[in-house]
Amino acid sequence: MSTRRIALLGATAGLGRALARRFAARGDDLVVLGRDPTSLARTAEDLSLRAAGRPVGMARCDLLEAESFAPALERAEELMGGLDLVVVTAGVFATQEELERDAEATEHLLMVDLVRTIRFCEEAKRRLLHRGGGTLCVFSSVAGEQARRSSVLYGAAKAGLTRYLEGLDLRHAGEGLHVVTVKPGFARTSMTEGLSPPPFAAEADEIAEAVMTGLDRGRRVIYAPSIWRWVLAVVRRLPRAVMRRVEF
Amino acid sequence: MARSRQRTEELSGWGRFPVVRGVVHRDEDLSRACAGAALTRGLGRSYGDASLPAGETDIVACSVRADRILALDEARCVLRAEAGLSLAALEALLTPRGLACPVVPGTAQVTLGGMVAADVHGKNHHVAGTFGRHVRALRLALADGGEVEVTRETDAELFAATLGGLGLTGHILEVECALMRVPSAWMIVETEPVTDIAATLTGLAEASAGWPYTAAWTDGLARGSAAERGYVLRARWAERDEAPAMPPAAPRSWRVPPIPLTEALVRAHHGRHFARAARRRGPRLVSPAQVLHPLDAFAGWNRLYGRGGLVQHQGLLPGPDPGPAVARLLATLAAHGGRSWLTVSKDFGAAGEGLLSFPAPGVSVALDLPGRPTTPALVDALDALVAEAGGRIYLAKDALTRADVLRRMEADRLPRFNAVRDRVDPERRLRSALSVRLLGDAPAGGRAATAAQRRRRETPR
Numbered sequence: 495m496s497t498r499r500i501a502l503l504g505a506t507a508g509l510g511r512a513l514a515r516r517f518a519a520r521g522d523d524l525v526v527l528g529r530d531p532t533s534l535a536r537t538a539e540d541l542s543l544r545a546a547g548r549p550v551g552m553a554r555c556d557l558l559e560a561e562s563f564a565p566a567l568e569r570a571e572e573l574m575g576g577l578d579l580v581v582v583t584a585g586v587f588a589t590q591e592e593l594e595r596d597a598e599a600t601e602h603l604l605m606v607d608l609v610r611t612i613r614f615c616e617e618a619k620r621r622l623l624h625r626g627g628g629t630l631c632v633f634s635s636v637a638g639e640q641a642r643r644s645s646v647l648y649g650a651a652k653a654g655l656t657r658y659l660e661g662l663d664l665r666h667a668g669e670g671l672h673v674v675t676v677k678p679g680f681a682r683t684s685m686t687e688g689l690s691p692p693p694f695a696a697e698a699d700e701i702a703e704a705v706m707t708g709l710d711r712g713r714r715v716i717y718a719p720s721i722w723r724w725v726l727a728v729v730r731r732l733p734r735a736v737m738r739r740v741e742f
Numbered sequence: 226m227a228r229s230r231q232r233t234e235e236l237s238g239w240g241r242f243p244v245v246r247g248v249v250h251r252d253e254d255l256s257r258a259c260a261g262a263a264l265t266r267g268l269g270r271s272y273g274d275a276s277l278p279a280g281e282t283d284i285v286a287c288s289v290r291a292d293r294i295l296a297l298d299e300a301r302c303v304l305r306a307e308a309g310l311s312l313a314a315l316e317a318l319l320t321p322r323g324l325a326c327p328v329v330p331g332t333a334q335v336t337l338g339g340m341v342a343a344d345v346h347g348k349n350h351h352v353a354g355t356f357g358r359h360v361r362a363l364r365l366a367l368a369d370g371g372e373v374e375v376t377r378e379t380d381a382e383l384f385a386a387t388l389g390g391l392g393l394t395g396h397i398l399e400v401e402c403a404l405m406r407v408p409s410a411w412m413i414v415e416t417e418p419v420t421d422i423a424a425t426l427t428g429l430a431e432a433s434a435g436w437p438y439t440a441a442w443t444d445g446l447a448r449g450s451a452a453e454r455g456y457v458l459r460a461r462w463a464e465r466d467e468a469p470a471m472p473p474a475a476p477r478s479w480r481v482p483p484i485p486l487t488e489a490l491v492r493a494h495h496g497r498h499f500a501r502a503a504r505r506r507g508p509r510l511v512s513p514a515q516v517l518h519p520l521d522a523f524a525g526w527n528r529l530y531g532r533g534g535l536v537q538h539q540g541l542l543p544g545p546d547p548g549p550a551v552a553r554l555l556a557t558l559a560a561h562g563g564r565s566w567l568t569v570s571k572d573f574g575a576a577g578e579g580l581l582s583f584p585a586p587g588v589s590v591a592l593d594l595p596g597r598p599t600t601p602a603l604v605d606a607l608d609a610l611v612a613e614a615g616g617r618i619y620l621a622k623d624a625l626t627r628a629d630v631l632r633r634m635e636a637d638r639l640p641r642f643n644a645v646r647d648r649v650d651p652e653r654r655l656r657s658a659l660s661v662r663l664l665g666d667a668p669a670g671g672r673a674a675t676a677a678q679r680r681r682r683e684t685p686r
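Just so you know, the protein sequences line up as chains A and B, in that order. Read in my numbering, the first sequence has 715 at position 221, and its numbers run on one by one without any break. Read in my numbering, the second sequence has 522 at position 297, and its numbers run on one by one without any break.
Honestly, the hints are just simulated from the structure, not real lab data. Hints may contain errors.
[Unchecked claim] If we take Cβ atoms under 8 angstroms as the criterion, some of the chain A residues that face chain B in the derived model are:
hint, residue
1, Arg536
2, Thr537
3, Ala545
4, His624
5, Arg643
6, Thr656
7, Glu660
8, Glu687
9, Gly688
[As the list claims (entries may be wrong)] Covered by chain A, per the in silico footprint, the following chain B stretches (three or more residues, Cβ under 8 angstroms):
hint, stretch
10, 247-260
11, 288-298
In this text, a Cβ means the ideal position worked out from N, Cα and C, and glycines have one as well.
Construct the entire structure; sequences and hints are all you get.
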């Protein structure tokens with residue numbers, strides 16, 4: 495596989511970091527996008543050392559500041575002389591109970607995970623199409639597949655994001671835009687710290703591995719770990735009367 | 226948001242004794258994880274209670290997600306990384322560059338921060354000292370929340386107290402250490418069978434006179450004429466012209482099923498293992514992992530010891546002629562009806578600067594004891610013998626030593642260590658189950674354990 499030019503939003507922690515290290519180990523060109531300049535610089539240096547010294551670029555980008563999107567992606571294109579793949583792993587998470595207690599947090603979550611992520615994707619899409627195509631790989635969640643009592647709000651945000659990505663695929667597949675929707679299950683990361691891991695909980699590295707495999711095979715939807723494809727095939731068929739009783 | 230969630234989980238060291246409940250803060254940002262925490266732990270490979278909280282209300286930060294490499298100067302052989310970087314990940318990074326960590330412990334599943342906090346040693350202690358000797362700078366989060374860069378120049382006492390200080394002087398955030406250049410990615414190893422403990426110690430001393438990596442393994446379960454049989458292992462890095470250009474395959478690891486083994490099964494394994502070692506002659510070219518981290522080939526081997534867990538007793542018998550004391554130690558073990566499933570001996574070179582570091586000239590003997598109701602009494606007897614000989618115990622392995630015994634062993638060093646803690650943490654905000662047990666720190670919640678609770682805690686299931 496030839497070297498790809500990849501911009502990653504969210505590579506400083508969790509799933510994004512695990513995935514970025516795999517790209518780095520493979521010798522891909524990377525630019526990391528993120529909020530905190532100190533953490534970005536440390537992450538870029540770490541990735542560069544893991545990539546046998548190949549430089550890794552960085553650019554400031556904050557999902558809360560829509561005006562940071564275009565300059566960040568432009569900088570990434572500049573640094574790598576192009577762009578083949580844009581990966582979005584950034585996002586926020588909170589439990590249903592936490593969100594019900596805090597209307598501000600709810601708005602923040604919907605803003606970051608849905609509104610601003612879509613707006614970032616619009617900018618990335620525009621740039622990739624302008625170059626004649628490329629891949630846009632965005633982390634949604636299994637939580638967006640089926641409404642559940644335990645994740646009404648987060649599930650709604652992710653369901654919206656998943657639909658948007660499906661739509662992008664329908665609209666632009668013919669123009670060379672390859673849209674990949676990643677649907678990870680529960681990951682043991684700092685985002686879910688302090689929660690009891692449910693069945694099929696995975697380490698960040700297992701999820702990163704599943705995503706790498708899915709990308710290599712040209713998949714448009716990646717369940718990570720892959721067991722979720724089958725779990726959801728069942729869960730999606732459960733009638734609403736059953737889902738009302740299911741606690742998870 | 227995550228910090229508003231508090232979930233207690235079961236925690237233990239590698240020996241799985243004792244087991245406690247505690248709240249763990251894991252974060253990519255170690256400074257954030259450490260805020261309000263009483264202790265930081267890494268991969269939990271210390272055996273006893275060094276990485277355990279003093280009580281359920283104390284928070285333990287976990288460093289393993291803070292694992293970024295911050296700088297690597299290949300020309301000057303210097304590395305700086307966040308404290309949660311594992312040695313396994315570091316070795317994977319260094320091997321292709323012709324570099325290696327100058328001191329590594331028996332497992333690669335440790336963090337850099339843990340290597341500092343335990344001031345680990347390896348098979349090359351007689352030439353390379355402890356890991357602490359190669360540490361150049363540390364970034365610490367102190368008990369008052371402030372962060373400082375500590376070197377031998379800025380604060381020699383705090384630096385020395387932190388090497389082997391079991392995380393009690395400050396949360397270790399970053400580690401800067403020297404690396405070494407190695408001629409190849411392979412090692413040359415030889416094993417020399419020995420039939421008794423005297424020959425083991427002589428063999429070890431002879432091997433260390435000419436080889437950089439040495440240790441001796443003794444089959445603690447063999448009976449009759451085979452009792453005390455073992456072998457001395459000696460190794461060195463292979464020169465470029467002795468080694469294949471290809472690096473060795475990544476070490477394979479078998480996950481040991483969590484089924485407790487009986488002594489008879491372990492004896493049967495040792496029968497084959499030690500007989501094979503006795504047959505082997507001459508140098509062999511092997512992967513460094515086989516020499517440096519032999520037990521990593523069996524992931525989860527600690528579970529073989531079952532519910533009672535594993536208690537390791539690692540004591541130093543000091544001086545130029547530790548033979549009689551080692552013999553007395555093994556006799557004490559036998560007199561108590563105890564058997565060590567595996568006994569590892571290693572001769573040490575000069576002591577380092579760490580105020581509570583374990584190694585000093587003499588021989589270290591590590592006994593792997595299954596946790597039984599009789600184990601505390603056995604450890605008491607072994608400790609008495611070590612103290613009598615003027616030796617000390619390895620705190621990173623310890624779970625059962627008593628505070629008064631430690632004070633006897635460490636009459637000179639403890640006051641210096643305590644003085645540093647008095648200066649940087651007079652209220653003893655940083656503490657662990659070990660520091661409550663051995664250093665007189667107040668237990669979490671401020672309530673002293675009742676005698677009955679203490680007995681329960683001190684008796685393996």
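Going down the list of hints, with the structure as the test:
{"no.": "1", "hint": "Arg536", "result": "holds, 5 angstroms"}
{"no.": "2", "hint": "Thr537", "result": "holds, 7 angstroms"}
{"no.": "3", "hint": "Ala545", "result": "violated, 11 angstroms"}
{"no.": "4", "hint": "His624", "result": "violated, 34 angstroms"}
{"no.": "5", "hint": "Arg643", "result": "violated, 19 angstroms"}
{"no.": "6", "hint": "Thr656", "result": "violated, 23 angstroms"}
{"no.": "7", "hint": "Glu660", "result": "violated, 29 angstroms"}
{"no.": "8", "hint": "Glu687", "result": "holds, 4 angstroms"}
{"no.": "9", "hint": "Gly688", "result": "holds, 3 angstroms"}
{"no.": "10", "hint": "247-260", "result": "holds (count 5)"}
{"no.": "11", "hint": "288-298", "result": "holds (count 6)"}
Violated hints, in rising order: 3, 4, 5, 6 and 7; the structure is consistent with all others.
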